[in-house]
Every structure is written in structure tokens, then in C-alpha cells.
Amino acid sequence: MELFQNYPVDSRVWDEMYNQDKVRHHYQHVYDFLANISSDELSKKEELARRLFMSQGITFTVYSSGEGIEKIFPFDIIPRIITAAEWSLIERGIKQRLNALNLFLKDVYHEQFILKDGVVPPELVYSCPHFLREMQGVNVPHDIYVHIAGIDLIRDHDGTFYVLEDNLRTPSGVSYMIENREITKRIFPDLIPQNFVRPVTQYPTILHRNLQELSPRHTSSPNVVLLTPGIYNSAYFEHTTLARLMGIELVEGRDLVVENHKVYMKTTAGLQQVDVIYRRVDDDFLDPLVFNPESTLGVSGLLSAYRKGNVAIVNSIGNGVADDKAIYVYVPDMIRYYLNEEPILKNVPTYRLDKPDEREEVLKNINKMVVKKTNESGGYGMLMGHAATEEEIIAYKKEILKDPRQFIAQPIISLSSSPCYINGKAQPRRIDLRPFALCGPSGIEIVAGGLTRVALREGSLVVNSSQGGGSKDTWVLAK
Amino acid sequence: MLSRVADSLYWMSRYMERTDSILRILIMNHQSSQDNPEEFSWRPMLKIFSDLEEEAITAMEKNGRQVLHYMVIDRENPSSVFNMVVHSRENARAVQDNITKELWQSLNEFYHCVRDSQLESSLRTEDPITVLDSLIRQCMVFYGVSDSTMFRGEGLCFMNLGKYLERVVQTASILEVKFKDKESEIEMTSDTTYWKYLLMSISGYALYLKRYRSGFEARNVVDQVLFNVDFPHSVLYSLNQVHRHFGRLKSDHNVEGHARIDNLIGKIRSKVQYSDVASVSRTGMHNYLTEINGDINDIGSALNQYYFAYS
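Heads up: the sequence lines are chains C and X, in that order. Note that the first sequence covers residues 1 to 479 in this note's numbering. Note that the second sequence covers residues 1001 to 1311 in this note's numbering.
What the hints contain is simulated information worked out from the structure, not anything from laboratory work. Values in this document were obtained by computation on a predicted structure and should not be read as measured data. Any given hint could turn out to be false.
[Said to hold, decoys possible] Across the chosen pairs, the derived CB separations fall in these ranges: (1) C/P189 - X/D1116: 46 to 52 Å; (2) C/N292 - X/Q1305: 42 to 48 Å; (3) X/G1284 - C/N292: 54 to 60 Å; (4) X/Y1143 - C/H110: 55 to 61 Å; (5) X/D1116 - C/E2: 51 to 57 Å; (6) C/S300 - X/Q1305: 19 to 25 Å; (7) X/C1113 - C/P189: 31 to 37 Å; (8) C/I69 - X/P1232: 34 to 40 Å; (9) C/E2 - X/S1203: 56 to 62 Å; (10) X/E1053 - C/N292: 41 to 47 Å; (11) C/S300 - X/K1271: 32 to 38 Å.
[To be verified] Listing some non-contacts, in silico: residues in chain X with all C-beta distances to chain C over 10 Å: (12) M1001; (13) D1097; (14) D1223; (15) L1249.
[What the hints assert, rightly or not] Using 30 Å as the maximum straight-line C-alpha spacing, the simulated DSS-like pairs for lysine-lysine come out as follows: (16) C/K397 - C/K355; (17) C/K185 - C/K71; (18) C/K479 - C/K45; (19) C/K346 - C/K397; (20) X/K1250 - C/K266; (21) C/K425 - C/K397; (22) C/K266 - X/K1101; (23) X/K1250 - X/K1178; (24) C/K479 - C/K185; (25) C/K45 - X/K1267; (26) C/K71 - X/K1101; (27) X/K1101 - C/K44; (28) X/K1250 - X/K1267; (29) X/K1267 - C/K262; (30) C/K185 - X/K1062.
Where a beta carbon is used, it is the ideal one built from N, C-alpha and C, also for glycine.
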């Protein structure tokens, strides 16, 4: 049928569905199903998906001149499928990595053994803008710093999974994981049970349980809230969705007040104490008395309540030192150091540009490199060496030389591709995977699935939504 | 519930009630303008329901289409229907998790409707009553959806408080248009067609005909609009609703605040309950309406102080 006709398979790229010209075993069922749907019907399915997204309000709002324009995060209807065996590796690898990262954070904010033993260079830690001296010596509940992690994975040309980066502060996208699944159930009814796809709906339940277990007050119903920057934040939809699915109150900084180092919510019945804050506000804006004094999104005195152990904050403050892209280089060493194990998931080879010999190597070969700022996100501040113009490269080199500590470089990885329904035909587009790991007092749980992000522009390797990315429903097969 | 949420629900309702009211006033005035073009002027309405300067009013007072444009979709007019709907919807957006999905969707649809460029051209070229009616219909959907889907909790109490307090203010303003000049007495205002359209705009015409068979006398219209407890747009009915919904907020928390506001509501309710057309005549209509407005303002401030204060 025309959908998959002339699907261009590139021998240098790992395609999720095709192994050269044969359909991979775990995609066979979906392939057969899709190949037998007329192109009319498929485009109706796509339209249905779009309508469902709009009418259910699964949009993010772009504000321009005081008016809000609702946009949908582009969704591709063809699911991305992961085998049980592949997932088992991913799951073990992420658990191991997250354990090591939590131990690192505990260590770096207390005894700093890993620095004293010369495994991680101290100057790298201390020059990281997200290493917060205010957190030094602060004990956090259960020694858990990262409760919610988004570990980004990619596959190289031979199908091996690599960790591209860790997101340990306020990772987002989980609401799309949940909503994409719901939409897929509507447009392709029965397909999911037929393929024995593992569910993703338990994410909010697990998270809610973990949040409650962190409460410093041992009451039967701790007061858990989700702190949002407000309706003008582009991820506001995710905040309302999560609050709704967990049945917790959605609050803004101005709803909270700290009195006697305890945090309270302003309600119509007076002040009500808050036990756990799942905050989607960045560290710098959390407490104007301690961090950015111009912030109106935070709560004055929040850090003092946290330090006294009167409120739990998820994710903890100061995690940015562990997801700094230069510190990322040392995560495999952290796994060996703290756990005495070999890393299950490998890092992408990374050059630290503050080291002269590595910098020279990179600048010589910049056309084959991706250069990134160590503390940016959203795909901003990146240089794709193979696609940039001469001027862009010259300008970027200048930036590097001004402050090399702020940059790392990686060889351009050939991200895996996956068939996407574009203009009535299946076309390969590059993807990544962000599984969401939840770490609580009872252990680490990773919901089987995650967010598969797609670089929708042909030939693009950049999957971030702000740069024209979209997403797919992600299936992990039970067998 | 969060003070901020209560505040937003209250204002979402007030803005919607205000929208409904403006639309009805516009219909009523438009109909009057068609019957009596020589004598009719949009001035009295503009003076009460807009902040326009004298000059601007003079320029517009005979131009129905221009007034309609200004009052319905002019984004520069802070009191236009457009802005009222936007405010209502933005308030709802901030508290989406406290209203039903259906209610959010109905507001969202109203919002997209007023933003549609089609509306502007319809206002310019089509029969105004058709256009205004279709907008009023959106308000009706909002009321219907609130009533049938909203959970009977604190949130709905604040919504109803906002709605009925605003209704008192709007009804008083509608009457004020005629009685703005302190000198006009109830007896002297015998503009029959005006009263007829006023009653029609607030769905009170049929009721009036059944009750006061003796033709259109201003005193009877005032009686119905101020004092009739069974007429949903009357001031007394609205005050009774305010009392009822506020009573449901009584709890073991916020005892002092509740008592203070209950007291204020009780006072204004009694004032209206125990007046009649004759006593209002003696006070002077304009003074009476000004007092009512002042009392409602006090209630609003007290609500801010005891329930909504979060900044």
C-alpha cells in the first residue's frame, strides 16, 4: 500500500521500523494494520487526533500582545515501539544512573568525597552556576535529591542506546506521554491491547504516592501542592493536568506564605500548612530572599522552611550541578565510584572545551561536531557544526573562547529514525526518547514508555519543541 | 479553597453577568432608536455604561452602528463586551481545575466567537438584534452549563455571589439611565415605549402585563424592577440570592468575616425589602440607587478583605 511505498532507508541510520528492507518483528503487526488502511481514512484519523487535542485543551499558549494563541504540540500518529528486552536494558541503566546521581548530589553538598578523591574536578563543580552554596550541608528527606528525572536517550547507527543528557531539575513532557496514549486509544481502538502494550496511566498515582511519602508531618493526608509559575508559562497545561490527575492543589507563589519557617496556603478558611511542594518554578525564582530578588514567582522564606525540614521540595534545590553538561562527562565515573559497577548505559563521547587539548581538537573538526552550552536547555545556544554557515561558526568560536567552561562538544550522532505520517506518506524522521523516572522512599520506578520527540523538519536532528519538534506515542511491549 | 481561586471564580461570574447586561441594554436602546429616531439619543446609556468624554459622546450619540461597535467589540473600550468576555475567560483559565470542563469549553467558545472577525462585519451590516441575540445566547449557555454541571460547593457559592451582586449593580444602572437627573421624579417619567423596551430586555414584559394591567406607568415598572421577589432580574430577588448563597459559606472558619459581611447583606436587604415606590419617591430615585451602589461596594470590599486577600 502507498503509505510505506518508497520509504527511504538510509544504511547509515538505525531505523526503528525497518532493518534495511525488512520490517522489524515487533513492528510487524502495526505495519500490517497501517498498510491496510486507506489513505483517506488515515488522514481522517489524523484530523480526529487534531480535533481531540484542541477540544480537550491539550495545547500550550503562546502569548503575543496580550492575547493568547493556543497551539498544539505536533503529534505524529504512528507509534514508536520498544521491545521488552530493549526496555529492560533502558530501565536497569536509568535506575543505576539515577542512583549514582542522587549519591553524587548528596556527596557534593556534604562531604564531597568524590572531589577529594580526585574523580571529579572541584573547579568544574564550583564554576557551575547551578551549584548552590545555600544547599551545602542541608539534609533532605531520605537523601533523595532527584525525585523526577527525564533522562534523554538516543540510538546510534548500530541501535545502541546512549544517554544524551540528564534532566534533573524541572523535566517536562510527561503530560504528553499520557495524552498521546489517550489520543492513540481513540484513533486506533484495539490496536494497543492487540500489541500487548504496557500502560502509562499509573504515572500520576506513583508520583502522588512518592510525594505523600516525603511529607515531614506524619499525617494521614499530607498537604501536597504543585507550584506553577502561572498561566503565562508555556507548560501551564502540563501543570494543570498533573495537578488534576493527582488531585492536588495547583498554587502560585502568591498563594503561599512562610510564617515561623513553615509554609502555608492562603485559603478562604484561613492559612493551611503545606507539607510537600512539587515545584515547576526554577531554583533561581523560588525564594527572592535568597536567590533572585526580583522574582515574583516564589515564596519569601521558602528556603529557610526547607532547611528546617518543615516542607519537602521536589525536585530538590541545587540539582543543576548534576545535569551540567560538563559534569555529565563524569557520570560513568560516578557510577563506578559510588556503586562499584560498570555503567549499563553509555554516555555520548563528550569533549570539555575548558581543556585546551580537547578544545583544539573540537575547533579543528567543528564541522563534525555539535557544540552546546553547559547550562542551557530547549535546544537554544547550540551549534550544529555540519549545518551551520561560516559566519555562524566564526561567531560561535568567539563565544567559546570568551568562556570555554560554558561549552561542551559531541560528535554528531546519527539519531535513529522512525516512520512519520507526513503528507500522506510514511517518511523517516529522527527521534529521541525521554523516559520519566520516579524516585521515592520506596525505590525507583520508571513508567514503561516516555516521550518520543521527533525532529519534524526533514534532515533535522533537533527534536526540541521550541525548535519545530513534535512527539509520538511510545509503546513498550510486555512481551 | 485558595483565596485566589475564590477571587477568580467570583470575577469570572461578575464579568459574565456584566456582559449579559450590556448586551440587553444595547438591544433595548437599539429598539428605542428605531421607534423614535428624532428624540432618541444614545447619550444617557453612554454616560452610565462608558467612560467616554463629553466630546466623544456627542459625536456618537446619534450613530447607532458606531455605538454598537464601540460597546461590543472595540478592544480599546475597557467596558466592551469583547473585553468583558476576555476577562471572564482569562479568570476561568487561571482556575480551570476548579470548574467543570463543560463550563471551560462554553467560555472558550464564547471567547473565540467574540474574536471572530465575522462578528465585526455582522455588527456593521446585519440586523443588530440578531447579532446581539446570538451573543446573549452564549451567556445563557454559560448560565445553563454552570447550573447543570457545577458541583454544589464553595466555588459555586462564590460564582453566584458574583453574579447576583453584579446583577443588583446593573439593574440599578439601567434605572439610573432614566433617573440620572436628580430632578426627574418617578411620576414625571412617562416614556411608555422606553419602559416597554426596558422590560423586554430583562424578560420582564410578560410578567408586567399580567400583574399591572393598567398600562405602562413608571411607578409600576419601578415596583417590579426593584421589589418583585419572583422576578429574577429584580433588585430584591438578587439580594435574596446573595443572602442565600452567602449563607452557604458559613463555616467554623472565618467566623468574624462571615458575620461582618452577613450583617452588610442583611442591612441592604432589609432596606430594599421594607421600601416601596412611595418611600423611594420621597428619597428621590437617584439618591436611592446611589445608596444601593454604595452598599454593594461595601460588600465587595468586605469580601476582598475577609475572603480574597492573598497579595
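Do the hints match the structure? See the list:
Our hint of 46 to 52 Å for C/P189 and X/D1116 is violated, since their Cβ atoms are close to 34 Å apart. For C/N292 and X/Q1305, the hinted distance range of 42 to 48 Å is not satisfied, since their beta carbons lie about 31 Å from each other. As the Cβ distance of X/G1284 to C/N292 is approximately 57 Å, the hint placing it in 54 to 60 Å holds. At about 60 Å, the beta-carbon gap between X/Y1143 and C/H110 stays in the expected band of 55 to 61 Å.
Between X/D1116 and C/E2 the Cβ separation comes to about 38 Å, which falls outside the hinted range of 51 to 57 Å. Against the hinted window of 19 to 25 Å, the Cβ-Cβ separation of C/S300 and X/Q1305 comes to about 22 Å, which satisfies the hint. Take X/C1113 and C/P189: their Cβ atoms lie about 33 Å apart, and the range 31 to 37 Å holds. The beta-carbon spacing between C/I69 and X/P1232, approximately 38 Å, falls within the hinted interval of 34 to 40 Å.
Taken as a hint, the range 56 to 62 Å holds for the pair C/E2 and X/S1203, whose Cβ atoms sit roughly 59 Å apart. Range check, X/E1053 to C/N292: about 43 Å between beta-carbon atoms, so the 41 to 47 Å window is met. In this structure the hint that C/S300 and X/K1271 lie 32 to 38 Å apart at CB is violated, the actual value being about 44 Å. Separation of X/M1001 from chain C is inadequate, the least Cβ-Cβ distance of about 6 Å not exceeding the 10 Å criterion.
A beta-carbon of chain C comes within 10 Å of the beta-carbon of X/D1097; the shortest separation is about 5 Å. The Cβ of X/D1223 lies farther than 10 Å from every Cβ of chain C, with a closest approach of about 37 Å, so its non-interface assignment holds. With 10 Å as the threshold on Cβ separation, the claim that X/L1249 sits away from chain C is violated: the shortest Cβ distance comes to roughly 8 Å. Between C/K397 and C/K355 the alpha-carbon distance is near 15 Å, which keeps this suggested pair within the 30 Å criterion.
For the proposed pair C/K185 and C/K71, the alpha carbon gap of about 22 Å is at most 30 Å, so the pair holds. The straight-line distance between the Cα atoms of C/K479 and C/K45 is roughly 27 Å, inside the 30 Å bound, and the hint therefore holds. This hinted pair checks out: C/K346 and C/K397 have alpha carbons roughly 28 Å apart, not beyond 30 Å. At most 30 Å may separate the alpha-carbon atoms for a hinted pair to count; X/K1250 and C/K266 meet this at roughly 18 Å.
A distance of roughly 40 Å separates the Cα atoms of C/K425 and C/K397; the hinted pair therefore is violated under the 30 Å criterion. A threshold of 30 Å between alpha carbons decides the hint, and for C/K266 with X/K1101 the separation of about 25 Å falls inside it, so the pair holds. Using a Cα cut-off of 30 Å, the hinted pair X/K1250 and X/K1178 is violated, with the two alpha carbons roughly 38 Å apart. Between the alpha carbons of C/K479 and C/K185 the distance comes to roughly 20 Å, so the proposed pair stays at or under 30 Å and holds.
Between C/K45 and X/K1267, the direct Cα distance comes to roughly 61 Å. Violation of the 30 Å bound is thereby established for this hinted pair. For the suggested pair C/K71 and X/K1101, the alpha carbons sit about 19 Å apart, so the restraint of at most 30 Å is met. With a C-alpha separation of about 25 Å, the suggested pair X/K1101 and C/K44 falls inside the 30 Å cut-off, and the hint holds. Restraint check: the Cα-Cα separation between X/K1250 and X/K1267 comes to about 18 Å, which is no more than 30 Å; the hinted pair holds.
Distance restraint check for X/K1267 and C/K262: the Cα-Cα separation of roughly 40 Å exceeds the 30 Å cut-off, and the hinted pair is therefore not satisfied. This hinted pair does not check out: C/K185 and X/K1062 have alpha carbons roughly 59 Å apart, beyond 30 Å.
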